[in-house]
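All chains should be modelled from the sequences, with the hints used to inform the complete structure.
Protein sequences, first through last, are from chains C and P.
Okay, so the first sequence: first residue is 3 according to my numbering, each after it adds one.
Okay, so the second sequence: first residue is 3 according to my numbering, each after it adds one.
Please keep in mind that the hints were generated in silico from the structure rather than gathered at the bench.
No experiment lies behind these values; they were computed from the predicted model shown.
We put the beta carbon where it would ideally sit given N, CA and C, even for glycine.
Check each hint, because a few of them may be wrong.
Stretches of chain P that chain C covers, calculated by requiring three or more beta carbons in the stretch to come under 8 angstroms of a beta carbon on chain C [said to hold, decoys possible]:
1) 49-56
2) 94-100
3) 294-300
4) 520-530
5) 566-574
Protein chains: 2
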Amino acid sequence: MLRTHTCGQLRLSDVNQNVVLTGWVQRSRDKGSVLWVDLRDRYGVTQLIFEEAKTDADVLSAGRSLGREYVIQIEGLVVERLSKNDKLPTGEIEVKVSKVKVLNPSKLPPFTIEDDTDGGEELRMKYRYLDLRRNPVRESLQLRHKMAQHTRMFLDGQNFIEVETPVLIKSTPEGARDFVVPSRIHNGEFYALPQSPQTFKQLLMVSGFDRYYQIVKCFRDEDLRADRQPEFTQIDCEMSFITQEDILNTFEGLIRHLFKQVKGVELPDVPRMKYDEAMQFYGSDKPDTRFDMKFVDITDLTKGKNFQVFESAELVVGINAKGCSEYSRKQIDELTEFVKRPQVGAKGLVYVQYRTDGTIKSSVDKFYSGDELKGWTDKFNAEPGDLILLLAGEAFSTRKQLNELRLLMGDRLGFRDKNKFSALWVLDFPLLEWSEETQRYHAMHHPFTSPKPEDIKLLDTDPGKVRANAYDMVINGTEVGGGSIRIHDRATQQMMFNHLGFSEAEAKKQFGFLMEAFEFGAPPHGGIAFGFDRLCSIFGGADSIRDFIAFPKNNAGKDVMIDTPSTISEEQLKELGIEVKVKSDKL
Amino acid sequence: MLRTHTCGQLRLSDVNQNVVLTGWVQRSRDKGSVLWVDLRDRYGVTQLIFEEAKTDADVLSAGRSLGREYVIQIEGLVVERLSKNDKLPTGEIEVKVSKVKVLNPSKLPPFTIEDDTDGGEELRMKYRYLDLRRNPVRESLQLRHKMAQHTRMFLDGQNFIEVETPVLIKSTPEGARDFVVPSRIHNGEFYALPQSPQTFKQLLMVSGFDRYYQIVKCFRDEDLRADRQPEFTQIDCEMSFITQEDILNTFEGLIRHLFKQVKGVELPDVPRMKYDEAMQFYGSDKPDTRFDMKFVDITDLTKGKNFQVFESAELVVGINAKGCSEYSRKQIDELTEFVKRPQVGAKGLVYVQYRTDGTIKSSVDKFYSGDELKGWTDKFNAEPGDLILLLAGEAFSTRKQLNELRLLMGDRLGFRDKNKFSALWVLDFPLLEWSEETQRYHAMHHPFTSPKPEDIKLLDTDPGKVRANAYDMVINGTEVGGGSIRIHDRATQQMMFNHLGFSEAEAKKQFGFLMEAFEFGAPPHGGIAFGFDRLCSIFGGADSIRDFIAFPKNNAGKDVMIDTPSTISEEQLKELGIEVKVKSDKL
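Listed below in structure tokens is the structure:
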């Protein structure tokens, strides 16, 4: 090793040792008679000292010529600091330098390598290797490492076997778009990159592997949105001979293990909520349960009073923003503007202020009497000081709008603390969802999810009402994982494909191998997959997954550091038997 | 859980317990009055018993109707067996069945699910999920799981951080062919799948990550040979602030840890051999050191005696097959045929039999006297009973031919026992190798490998003689890993690209980001990558890597189970902006 110690290692007990350190020059302070240099590596920072009176002149001059981010090797004596720095684990000592060697100089970095950098997003992505030197980014990736370690430790301990499934698989039309890979040996044919190892993990269950897991890269060629990545990582799991209850218990165990080991947090038992209930009370299948603020439906109380908006509404529903009764006109206008934004889409906002003096004021008090409004506040269990916010309209979209408002109020009231964690199971998802675009039902989870047996009869009459044995884990209002009990017999799987609009020939071409496998003794099985990037970001208390991925793509799916995607040679194209035909509407 | 115990769990101490088991019907033996069924799961086999006199008639009849590979759930009482089976951990008990439920029937499998199956390769690949049920295949994948676990445990313990590098990267012309992925968002542009995370792990070192590892999928679009896979897995590692010695010690530590933990084998310190020495004494850069049989060069002793073959030969070299002096004419003819096969390519074989009676007999004794032949056997340290086998010709190819003969003799003499393990470091590889095809030098390892400083001066005058700071680990004659100390400054990297025939513009387009990174304080660093599939197969004592990969491709790069690669839709092609142009010479 080019060093005897790391930059995070030396303590008072090491005083008088001669040591060799390597690292990067974080900063220098030259006081004339004394020069201090902070030397940084992954493990910490150690202060180096050069003294005009005592340090060899060549060494001092070498020390003075060190620039930011130079990589150096120094030799020196560990001494006790005169003025200690209790913020640094090495803050009680410094190293009196007797030799300096520049291992590699550095140009001036395009942004400062500090916790708060002056570099913009674009620049930091281009020089990602410099951005990765900053503590918050490095710590995010160290957290990810720890998450992976403890995930494996937990699952290994539960007899799960890690099995690698292939990356070069087959394109299937269901779900999101596949990335494809042209075959050179078989011109005109393509592999596809997996959106998930779904069929392979089910085949492993047919093989009797019993308990499988993998921390695995998956790929989706979607139109990119902020914080979506074309490649992402899943904790992918599957179990045989289980009920849904076993899956919930096992993976609740995993999440609680991770909170304990990685964050030191004792997560309580994870509560469960039905999908219908989540939609009814939170207008979302991933409610943020760090705070209550449940929806209250007052439709019945609003009818027959000539207020046209409520009169014509399928649903009048609201939340109680506790302690907000004294919101100013301006504050309420802001909320109204918020719900009227096209992204939210409400027509307006009705409020009822239950003032601290006990009086009630509302934007609709010309339609409703004080008693009537008091009836509303009672339904909300409101107290003096509370503010009721109401939306009205078509039931489903109104709930979605109110969900946005609820989250905004949660933010405003400080309920969405990133260091507080609330996990939730959402159960009994619908099996199918209607797509306006394709005018047919699609699998809400995926085509391998089993319907609840008692609902199968509804498949022909009311497909949207069929519930699935499907579940999501939600933490702090974000879906971090989801899964289902699978279909494990050919007949049911064939029936599902029929209902999803696959012809028998299509189903056979795409999934024939799986249906055939179901005929050779497929055990009952089910599983779950967690979005690992997202899970890490929640553990790290971050909004974006970007810093939990070492080399992320930007929102256009580009890696601007290595400059990809990029053109390839004519020779490569020829070997692959393909021709580029840039579409005219893209020029 | 649908079971109270697994099929590998019950012991004598469980007798009189009522249990529920699930699993697959391995086989049934119906003796009329008694029916035995072996129930199998991943954990073992448990014998079920149905008795005509005691079992409920319906249950007995259900038991009789069970076919091979049916998945069933049974309830029953654990009883002590009358005739115990000491080959089975559960062999002291059996379960008296009181309830049977068929969870899923099975068609008759196309081959038997036994340790030795009657299924051919093709059929087993098509029904891989059934092949995976067989013990040897499942055990191979369980071994792989254990290898991965212990690899991570060791590296975690040494402060390595696991970092995931991207799969959608950039195509580079150096090395093997890339698989590419057309971009839909950026028509006409492509991602490439990584042949290794090489540049990314080096960037992580520039970032100060200090110690990185990843068990990671890599991809190479090569013309497939037996036992090559288009996707394969590497244990990929990199370290900063190290010398070659540190790398060798660290990863020798890993391999010894794996042998200890996975095989219970105490591997001795791994010896080291220079590349030149390996070529000289074994004719291979990956000598099988389970046995000695070193090459002996007797060129000098053969000259001036009018034996034209030796006279004109650059090299006369041989091995001593100890104890083989009494080989028959037929046996020696076989060896001669072997070396003359086109795959080996020798012109002929000369032998010297040092017979057990002390006499010497040779195929060239009309050219050489008894004393002269005795001089040869002395040089081989041969004893009565030994057989000297000699090849002659151009030095490099003759050594390669003799390597093949040495391995054959090693097999014949039982020296290549799969349960014996001999590891070796091969050091000081050449930096460059000449390609007849492209008529230029290529990087033997890769373009990022550093030359030995003392050899740099030879780059212009004798490039083939420049040695690299590069090393391979060889186990039992197979290269299982290789790596190098990297270049970490822009000037040297630029010089290397020049010598590899990159123009400055090409180097910049392909690797500009890396050369730029080297200007921002890149630390000295180096690393290694192990071929994980191969390493597992050696630990498993297998010749093929096939069974250590859950879902391998066949030799044509196809997965015949899911049928990929395959055609994709016109719509997909259109969105990707490409057109398939099947080459006419492929039709």
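Next on the checklist: For each hint given before, does the structure comply? Return the numbers of the non-compliant ones in rising order.
Outcome noted: 1, 2, 3
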